[in-house]
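Enquirer: These are the residues of each chain, in order.
2 protein chains.
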Amino acid sequence: MNEMRYDWLGDRWVIFAPNRLLRPDNYQALTHRRSIQVNPATSDQQRCPFCLGSEDQTPSATLTLQTANETPDHWSVRVVPNKFPAFDAPEEFCFNPQQGCPSASSNALFMRKQTRGGHEVIIEAPFHVQSITQLPNDHAALIFEAYQQRLTYWRSVHSMRYAVVFKNNGSDAGASLVHAHSQLICTDFLPSDVLKTQKRTLEYLKTHGRCYVCDILREELLVGHRIVSETESFVALCPFASRLPYSVSILPKQHQSAFEECSLNQLQELASLVQQTLLAIELQHPDAAYNYVLQTAPLDAHDPAAFHWRLKILPRLIKVAGFEWSSDCYINTVLPEKAAKDLARHVPTSTPGPKVSLLAQASISPKSSHIQESK
Amino acid sequence: MNEMRYDWLGDRWVIFAPNRLLRPDNYQALTHRRSIQVNPATSDQQRCPFCLGSEDQTPSATLTLQTANETPDHWSVRVVPNKFPAFDAPEEFCFNPQQGCPSASSNALFMRKQTRGGHEVIIEAPFHVQSITQLPNDHAALIFEAYQQRLTYWRSVHSMRYAVVFKNNGSDAGASLVHAHSQLICTDFLPSDVLKTQKRTLEYLKTHGRCYVCDILREELLVGHRIVSETESFVALCPFASRLPYSVSILPKQHQSAFEECSLNQLQELASLVQQTLLAIELQHPDAAYNYVLQTAPLDAHDPAAFHWRLKILPRLIKVAGFEWSSDCYINTVLPEKAAKDLARHVPTSTPGPKVSLLAQASISPKSSHIQESK
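Protein sequences, first through last, are from chains A and B.
Whatever position you read off the first sequence (first residue = 1), add 850 for the working numbering.
Whatever position you read off the second sequence (first residue = 1), add 850 for the working numbering.
No lab work stands behind these hints, which were simulated from the structure alone.
Possibly wrong hints are sitting among the right ones.
If chains are identical, the list can't say which one is meant, so a pair holds when it fits in one copy or spans any two.
[As the list claims (entries may be wrong)] Pairs of lysine-lysine, BS3-like flavour, derived with a Cα cap of 25 Å: (1) 1191 to 1103; (2) 1056 to 1046; (3) 1046 to 963; (4) 933 to 1046; (5) 1188 to 933; (6) 1191 to 1046.
Produce the entire structure from the sequences given, and follow the hints as far as they go.
Expert: Right, dumping it as C-alpha cells:
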C-alpha cells in the first residue's frame, strides 16, 4: 500500500511508493547512480517484459489495438496496469471514503492518506523499438487512439479528478525500460500546481471571454518565429517562456477541451506531427532523453471553454540544479526562437502528413526484436 | 544581456541566459547529453579555474577568507562574481527602473524584462577537492562564514528581494565544474513558489502565534524516527514529505530567521553537522550527486517570527519524470523514516563535533591538487 503525505509549507502532496524500487534496473540506478542505457531485462537471460511473447510478465491487458496489416494473433498496442503502481487501484482503497482525507497521524502537521487512482502502461509496439519515430504512421496513430480510449475509461470512474498521459524516454528522463512505452496516471485529487493552472484559465475566460491558449495561438501564428511546424489541425511551437531548452508544445488550432474530442483522422495527423517533431529533436540532439506529457481537460466539472488540451515535449538536455530546486524558477540556456529555428530545419515543409523517407525505418520483425538494445 | 519571461499559465518567471551555454563543459553536455564526471578544464592542457594560481581566470574576488594555519599569501575560501551569470548586475540594468516590470512586447501575453540581481561563486578550497567532507572542520566553517558575509552584503543592496545559496555537486545535480564550490543568486523579484511559502509561514504565525517550523521541530524531536543527527544547536532530519529520496533538512533548534544570525561558534557546529550528513549520504550512496540549498529570511520587509532558516540537502538519486513535470507532484520511492535510519548508521553518536577519523582526509597540498579529477 502506498501513501501520500502533505507538505504543508510547499502546498504539495508527495506520493510514497517504495514498491517502485522493485522495478527492473531502478534499484541499481538508486544504488549506483550510473547512467543505464540498456535495460538488464533485455539481456539474453531475460526477455523484455514488453515484447510480444512476454505477456505473462505483465498484468492482463485492459486494452489491445491492432493495425490493419497485423496478423490476427498479434497486438500492435497493448495497455496493462502498471506492475509497480504509484497509486493504489480504487478497489484496493482501505480507508473509509467518507472521511475524505483520512489522516493516519493524530497531528494535523503530519497529514497523510492512502493513494487512490490508476496507473497504466501503454506498450507502444510488440517489437523492441525505442522510439515512436521508428513506427509507421498508422501504428503511431493507434497509440494516440489507445490514450483516448483509456482516458475515456478513467473519466467514467467515480471520484477520479486528474489524469495525464506521459512518456519517459531515456534514462535521464526517468525511464527504467527502453522498449517504447508511455504511462497513464489518474488520481482522486488535483495536484496543487494543476489546480492553480485550472484556476488561471477560468480566470482568463471570465475576464476576456476567450480561451487563454486560443489567444496565445493566434499571436504565435501571426508572429511565426516560435513555430516549428503546422498541419491543418495542429501546430508545434516552442513556448515563449519554456523552462527547458528545445521544449515543444503541440496544440489543436481550433479549441478542443478534452483530447478525446480528436477525430480518428486528426489522430493520424497528430501522430505524424509528433513523430516529425520528435525526429527533429533526435536529429538536433542525438540520443537526447525526453518526456512528453498529454494534458487534457479536468475529469471533474469544469468549463470546457477554459481548457485547451496540449502535448508538451520536454527534452532533458540540462540538469535541474540547486537554484531551481530552491525557487522553482528555471534558468533556460536556449531562447525558444532559436530552438524553433533549429528544429524547423529538420521538419519537411509539405505538411500535413509525415515524410516517411525522413522517419527512421524500424526493423520491427520478431527476428530483430532486440537489435537496438545496445544503442 | 539576459532576460526573464513570464509564463502566465504556470505563474512562473523563467530566466533566459544563453551566455551560460559558454560555461566549460556545459555546451558539450547539451550537445551530447553524456555524463561528464571529469571537467575538461582540469586536464593537463588547462588548469582548473578555481584552483590556487588560476585567479586570473575568474573575475576579481568580492571576498577572500583564510584559516588560521594558511600561509599569508594563500586564500582558503574565495568569492567571485560568476563569469557566466544568470542575472545581470544591478549596475548593468538598462531598463528604466521606474517602469517596475518593463515589457519588451506590446502584448501583455508575452511579458518579459531584463534580469537584475547577483550571481556569485563561492570557491570552497584553494586545492582541487570535490567535496567539503574532505576539508578540516575549521575550513568548512569558513565556507559558511563566507555565505553569511555575502548574504549580509546582498541584503544591503537596494531593491534586492530574494537570495539563496546553493551547491550543485556532481553532473546529475547540474554542476559543470568538479572543484568544490557553491553559488549565491540574488534577484529583484520573489519567485512565485517562494512567495507562496512566505505567505503560508505568515498565515501560520497569524493563526497559531508560533513559527510553523518550530512546531514541526518540536514534534520531530519528540517522535525521533526521522532524526539523522543532532548537535547542541542544530538538528538534521529527513522531512516527513520530502520530494526526493534521502533528502535531509538541517535546522537551528532555537528559532532563527536569517542565517546571518548564527554565531561563529554555531557556524563551526553547523559545518560539522553538514559534513557528517554529507559523508553519511556519500557512504550510503557512493558517488551520489546532490544539491544543497540554504534558505534564509526574505530580504525585504517580513516578520522575523515567521521564517526559520534551513539548509536542505537533496541527493539526486532518481530522475524527475513526466508525471512530475506535468503535475509538480513527486513520487518518492524511500520513506523518510527508512532514509533517516539508513543515514544515522553512518553518523558518529557523540555529537556535537565531527569525528575527524570518519571524515575522509583530503590530501590538500599543491602537489596533489589534481589527483581526484579522474575519480
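Enquirer: Each hint should be assessed against the structure and marked as holding or not.
Expert: Verification of the hints:
1. 1191 to 1103: Intra 20 Å, inter 53 Å, cutoff 25 Å: intra-copy only.
2. 1056 to 1046: both (15 Å within a copy, 24 Å between copies)
3. 1046 to 963: both (22 Å within a copy, 24 Å between copies)
4. 933 to 1046: neither (31 Å within a copy, 37 Å between copies)
5. 1188 to 933: between (41 Å within a copy, 23 Å between copies)
6. 1191 to 1046: neither (32 Å within a copy, 36 Å between copies)
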